[in-house]
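Trainee: Chains as they are written, first to last, in the numbering used here: chain E, 1178 to 1467; chain D, 102 to 424; chain A, 152 to 577.
Keep in mind the hints are simulated off the structure, nothing from the lab. There may be inaccurate statements among the hints.
What the hints assert, rightly or not - Computed, partial: chain E to chain D, Cβ under 7 Å: (1) Asp1232; (2) Leu1355; (3) Gly1363; (4) Ala1364.
Here the structure is a predicted model, which means the values were calculated and not measured. Backbone N, C-alpha and C fix where the C-beta goes; we use that ideal spot for every residue, glycine too.
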Amino acid sequence: MTVVYLLIPAFLLLASVFGLPLLRYAWLSFHADSVLTGLQPIANDGANWLRLMHDQRYWQDLIQTLRFAFASVGFELLLGLAIALLLHQPMRKRGLIRSAALIPWALPTTVMALGWRWIFNTPYGPIDQFTSLSGISLNILGNPSFAWIALVYADVWKTTPFVALILLAGLQSIPNDLYEACTLEGASSFTCFRKITLPLLKPYLGLAMTFRLAQAFGVFDLVQVMTGGGPASSTESLALYAYWNALRFLDFGYSATIMIASFVLLSTIVAFGWWLMILLNQRGSMAVTE
Amino acid sequence: MTLELQSVGRQINAKWIVHDLSFSVKQDECLVLVGPSGCGKSSTLRLIAGLDRCQQGTIKFGNRDVTHLPPSERAVGMVFQSYALLPHLTVYENLELGLRIRGVRIEERSRRIQHILDLVQLADRANHRPSALSGGQRQRVALARALLRNAMVYLLDEPMSNLDAQLREQIRPELRRLILDQGKPTVYVTHDQNEALAMANKIAIINNGEIVQLDTPIHLYNNPNSLFVAQFLGRPQINCLKPRDHQIQAIRPEDLKFSESGLPCRLVSREWLGNTQLLYLESAEGGLRMVAEPSFQCPERLFVTWQQSKVFRFDAKTGLRTS
Amino acid sequence: MFRWRKKLSVGLTIGLSLVLSLVLIPTLTAQEIEPVTILMPAPFADSTRDLVKDFNQKYEKSIHLDVIRGPLETEAISDLAISSLLLGDTPFDALLMDITWLPKYARAGWLEALDNGFDESDINDLTNGAQLGNNYQGVLYRWPLVADIGLLFWRTDLMEKPPSTPDELVAVSRNLQNNKKVPWGYVWQGRQYEGLSCVYLEMIDGFGGNWFNPDRGTFGLDQKPGVNAAQWLTDLIQEGISPEAVTNYAESETLQSFKSGDSAFMRNWPYAWAELQKEDSRVRGKVGISTMVAAPGASPASTVGSWGFSLLKGSKHKEAVIEAFKFLTSKESQLKMFEEYGYTPTLKSIYEDPIMLEKYPYIIELYKALKVGRMRPETPVYAQLSDVLQRNLSESLTQELTAKISMKNATSTSEQIMLAAGGLMK
Chain E
1178 MTVVYLLIPA FLLLASVFGL PLLRYAWLSF HADSVLTGLQ PIANDGANWL RLMHDQRYWQ
1238 DLIQTLRFAF ASVGFELLLG LAIALLLHQP MRKRGLIRSA ALIPWALPTT VMALGWRWIF
1298 NTPYGPIDQF TSLSGISLNI LGNPSFAWIA LVYADVWKTT PFVALILLAG LQSIPNDLYE
1358 ACTLEGASSF TCFRKITLPL LKPYLGLAMT FRLAQAFGVF DLVQVMTGGG PASSTESLAL
1418 YAYWNALRFL DFGYSATIMI ASFVLLSTIV AFGWWLMILL NQRGSMAVTE
Chain D
102 MTLELQSVGR QINAKWIVHD LSFSVKQDEC LVLVGPSGCG KSSTLRLIAG LDRCQQGTIK
162 FGNRDVTHLP PSERAVGMVF QSYALLPHLT VYENLELGLR IRGVRIEERS RRIQHILDLV
222 QLADRANHRP SALSGGQRQR VALARALLRN AMVYLLDEPM SNLDAQLREQ IRPELRRLIL
282 DQGKPTVYVT HDQNEALAMA NKIAIINNGE IVQLDTPIHL YNNPNSLFVA QFLGRPQINC
342 LKPRDHQIQA IRPEDLKFSE SGLPCRLVSR EWLGNTQLLY LESAEGGLRM VAEPSFQCPE
402 RLFVTWQQSK VFRFDAKTGL RTS
Chain A
152 MFRWRKKLSV GLTIGLSLVL SLVLIPTLTA QEIEPVTILM PAPFADSTRD LVKDFNQKYE
212 KSIHLDVIRG PLETEAISDL AISSLLLGDT PFDALLMDIT WLPKYARAGW LEALDNGFDE
272 SDINDLTNGA QLGNNYQGVL YRWPLVADIG LLFWRTDLME KPPSTPDELV AVSRNLQNNK
332 KVPWGYVWQG RQYEGLSCVY LEMIDGFGGN WFNPDRGTFG LDQKPGVNAA QWLTDLIQEG
392 ISPEAVTNYA ESETLQSFKS GDSAFMRNWP YAWAELQKED SRVRGKVGIS TMVAAPGASP
452 ASTVGSWGFS LLKGSKHKEA VIEAFKFLTS KESQLKMFEE YGYTPTLKSI YEDPIMLEKY
512 PYIIELYKAL KVGRMRPETP VYAQLSDVLQ RNLSESLTQE LTAKISMKNA TSTSEQIMLA
572 AGGLMK
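Turn these sequences into a full structure, and let the hints guide you.
Mentor: Shown next, in the form of structure tokens:
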């Protein structure tokens, strides 16, 4: 029983940091609270939610955000796995190389986004300089069909090291004996990878996926700096839309509605991720036999 | 078929961890490699399996030189200290994996796994994951997997060190039977001298990457070629008397006898072990260990004596036997 | 997603520490000295440093002026200011504001009227462009520090005189491009952001229309001039006068292109003049400025974008703050800022000074442009209106939709926003 009491301060802290603002936003989402109401909340009978239902922009942003999140997380997992496998190999100066691989992740997002904006710049960025050698100018950031791909590219560049780090931890948790036993059975290294590495890495893949999906779903600074949501709003994310409503339009009621709706969606995705992880965990137990 | 190592060696960072090692193991033979930890015994095993590369010497399975073959082509059955079972697969799947890899047909797989499961008495555990098994059961799964390999050579790397003492004693005869029944050269690594004595046809005592002495257990016990071997085998440990003329005399605890005269000793402490008791004595020759009848009431002061023929003599500098 | 909440908490932390220091400073310094604090974007905080020093020397006995160096980006300053204003007790007395924020801030009730500090004659001293955007519903809420105005930059080495109509601009560009003098004709801000609204405003007015008519409360985006403006900008890209990539160009990308000698024309703000005269500029000494092109019969228009001081409600040092405003915007200060940092002066007298004209002949063009300065819609919901325009115009520029349809969509959405705001206007 005393244990429960000891947890109270931690619980209160969590509740005040996460719970109270959420409750406040949920409450605000049922009120008009904007520059037009003199920044006073006035109950509006769910008008915000009705507006959200019919707000094509919200649903477009939702689709764009999901597209961005799944594409970047997908690539990050594939690439992160490859990098983790590479970093797991014994090599000279392994510690140094591992630290170096983390540099992109350590860079502030706005700084690296600004960098990428110039790298993708047409015609002065290196990418365009390169492609224009073969007479092609891609104009990636200025094209509504491609701009989001540039964002995915930049996000993959920045956060793959994070995924690789988690997966590397996973790889290191797999005892070498398992591979040796597998080799002795006559297996190729690909068979060992398929029969040992992948199944035992599943929980870590799930963890990385959940973390990254949650982050990618809330993408903000990257979009803000690289494209500002354009061109033709093709890269606007939910976070950007909520931010615009709050701080540019001073429409806090609707901004709160967007945030609560997005929070519910995000929680669903994360819950789904965890459920998937638990499911996979039952198959590939994280604990390895003694 | 004979397993043969000729001048095998491997070095890491310019230090030989296995050096100039030669021995041969005939079929039906179990050679136990024993020595303190870090002596190179496990490394030797990994060289035979092909998990590490030899930088020196040759390894032969019969007439076949396997020195440069990858592990998958050597056909060795190995039991790891950790058992190395895949946690996400059932016992059956764990056993099946190797057979599948080697392209054994499904009916044949099933038949052989059933057979081996019966042999190691785990038929009722086939659909359990390793995490649901006891340590002894896991060990038997690992053994079963090695046996399924149809190996030329069996290698066991401290297969019982994760088991409690009681279980070890239970499993020892079973393990010995299962392994020796295969009629293949077997190399068994342990750091436990009791296990070594129990399992071995021959024992190689290894220190600093080299064989100190290789012989049958009885011969090793009765004829240690060095102080290291004498001290390594036999519990309680052999007694060393004060060095004289650059010579160390050593005598086993069970060869010390009580008498009316002889070396005066004082009882320091005693351990009652049920079927015997171990006495710790102090004398002018230094501390002595002695084995006595369990019912013996040891006086505070006593005299011990021994037959000169039971005394081993070693050079104080080199530790080698002089007589 | 909770980014702005984070900003709020950052604001709260900064705010609290500032409040604390405000409480502490008066007890530490002599009682009669009034502390005045102004929040400015970093570039302005840096360029006014000497003036602030002068001010504090002059008012040594009565006022101490403190400038808080805010973030670099315009919008980041707004976020910071709003975050602390929302908390109620602001840690600053005044704020250096962009021209588009004023109606929103005034409507939110965060600003104090300046009518007591400045009178009709003060206002008449300002150039036309600088007079704009300081009032909300007839009340003066802002006093300009620097004027800013949209300009057409042109290459004196490639043509005798700048074009005056859109067609002329296209013809000159095409000719130069065909003769391989320049890869591009005209570069401008086509990225989906505030700059695009400024570009469009100049064109819709240049085609004889209106973005927003405050008297009637109507939008002119889908009228002929509005569609023409959108079509003209879209065609620039389609016909290769402007690079396709202008759809993600902001000021810096535009400047890069013009500075490298790759374009014959550029739409930008006066700050670019100094940049183009720097060592690394390939067009140094070959640049002229002019007002934006306009269709025959329509008068040219330049988007006004000035920065000015506003007094925040709740300041306890109103008189002292106005003293500071007056000092920082005085003719001496204006001259200093112009000569040292190239900031566009607000006072007529500077542009009419023969010595100045001789020293800096190009300010004639600045003055002309300031005379035809135009305001973006002055309403508290401007940010929404601009956002709608940017989204739809960007769809036209990237050929997702035709100019006509995109401007129709922009109009109807703008009308909905206005309707929701209760027809709220000037």
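Trainee: To test your reading of the hints: which numbers does this structure violate?
Mentor: When the structure is compared with the hints, only number 1 turns out to be violated.
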